[in-house]
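Participant: What follows is the residue order along each chain.
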Amino acid sequence: MQAHYEARMQVAEADIITRCQQGDLHAFEVIYAQHERQVYRYAYHLLGNRDDADDVKQETFLRAYQAIGRFRRDASLQTWLLRICGNLCRDKIRSWERRKVAATDLYAEENQRPTPPESDPAYIVEKSETTDMILRTLNGLPSLLKEAFILHELEGFDYTEMATILECSSASVKLRVFRARKMLKERVQPLLKAR
Amino acid sequence: MFRKNRCISIESLLWECAAQTLTVEQRRKVEAHIAQCSACREELETCRRITATVTNLREAAPPPSQASWQELRQQIAALPNATRPAKRAPSISMMALFGATLAGACAVLLYLRPQPASTYSPNLQVAGLPVKVGVTSHKEDAPPKKPTPQPMKTGKPAPKKRAKDGDEYRVYSAFDKQEFKRSNRKKSEPMIAQNDKPQTDVARIDSNSEHTLKFALDAEVPLEPTSRRFVMGSVPAGGYSVVPASYENKELKAW
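Heads up: the sequence lines are chains P and S, in that order. Residue numbers for the first sequence follow my numbering, so the first one is 1 and each next one is one higher. Residue numbers for the second sequence follow my numbering, so the first one is 1001 and each next one is one higher.
To be clear, the hints were calculated from the coordinates, so they are not data collected in a lab. A hint or two may mislead.
[Stated by the list, open to error] Mimicking DSS-like on lysine-lysine, the simulated pairs with C-alpha atoms at most 27 Å apart in a straight line are:
1) 174(P) x 1029(S)
2) 182(P) x 193(P)
3) 92(P) x 193(P)
4) 1029(S) x 193(P)
5) 1029(S) x 185(P)
6) 92(P) x 1029(S)
7) 185(P) x 174(P)
The structure displayed is predicted, hence computed values, not measured ones.
Could you put the whole structure together from the sequences, leaning on the hints where they help?
Facilitator: Below, the structure written as structure tokens:
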């Protein structure tokens, strides 16, 4: 049943891509509706703020529209879009580094959202602080490791899909995830001990 | 601080343990180890906290995006026509087009390339004795010819060239050839036999001549000897060898 559904979805996707390649803007609107949330979320996790994530999302789809005539269907549309998005995010992070702009606090808005009610207010505060500290540490990881960690842990991609998105081998992706986990653990552990 | 081997083997399982994706056996192994090792217990606790944070982050939706399809549509409308996808059915890829062009260029180059001098040596009989003949269309003093298109190979043998009027050949006795091979003569030295055997002569193809060597296969080439010493009747044992007059020493050696 699931396989049948997936096959039908693939046929539908292939049809939509063909229509897009023929210049059908309505077909591209369907692609936008299907993938914009994931592209935005990925950009948001990588960049850490809504405005930049919005910009990158729009730029991703604009570039996809311009390049869809050259899309060879070697990979799925989703991985192709995330690859474009990842490249744009990397460019943005590099431009920040060149201009030495301090990156905005990662997930600042996330932490401003109301936390779920818990019985113990002290527990809520501590949990919020711990989460904030872990997210800051994640934000401080080298961008290659951070990207691999987010794709694997947050977006739930397997190593093969990640290799397509990151344009490297599966072994390299595996190593990046391993290093990201290790580095994160080594940086978070002393901070937790200090509390 | 040095980690024990056992800790290192457990370390790779800590993340899976935190994510609760271990098998029962692996889980027991980890639990048995952390009951004794405080360092690994702390690491597992850190992994659990990070995993919990990541899980929360995964389940929580990010703040809503403010960019919409309408905005993107306006941006697309502002694009110049050249940057839009062409309104055509997808055709062959650029690589295929490039490959076809390259193959065509190679075919044209192969078709127009200059051909090297070609020779053939049909088995001849002169007065009942074998004669070796080498025929070529190449002449040293001839003006360079334009490369002529070669017929495509279709499995049939290529047609043999006919000798033309004006082509010159040297005629050697078999004895002379052996002598030539044995002696290391230079180009400047005259090709004269060391004994009384028939000497080397130059023959010019002339269709009006009465003297005719009948080529065994497809050509009937008349030879007019330029020297009196070339007499059709006096064929030495071993026969004659006829080679193009343009042959240099090196080519004669190879022959």
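Participant: Could you run down the list of hints and mark each one as holding or not?
Facilitator: Cross-check of the supplied hints:
1. 174(P) x 1029(S): holds, 24 Å
2. 182(P) x 193(P): It holds: about 17 Å lies between the C-alpha atoms, which stays within 27 Å.
3. 92(P) x 193(P): The hint is violated at about 34 Å.
4. 1029(S) x 193(P): Measuring from Cα to Cα gives roughly 25 Å; hence the hint holds.
5. 1029(S) x 185(P): holds, 21 Å
6. 92(P) x 1029(S): The hint is violated at about 45 Å.
7. 185(P) x 174(P): OK: residue 185(P) and residue 174(P) at ~17 Å, within 27 Å.
Figure legend: structure checked against the earlier numbered hints; hints not met, in rising order: 3, 6.
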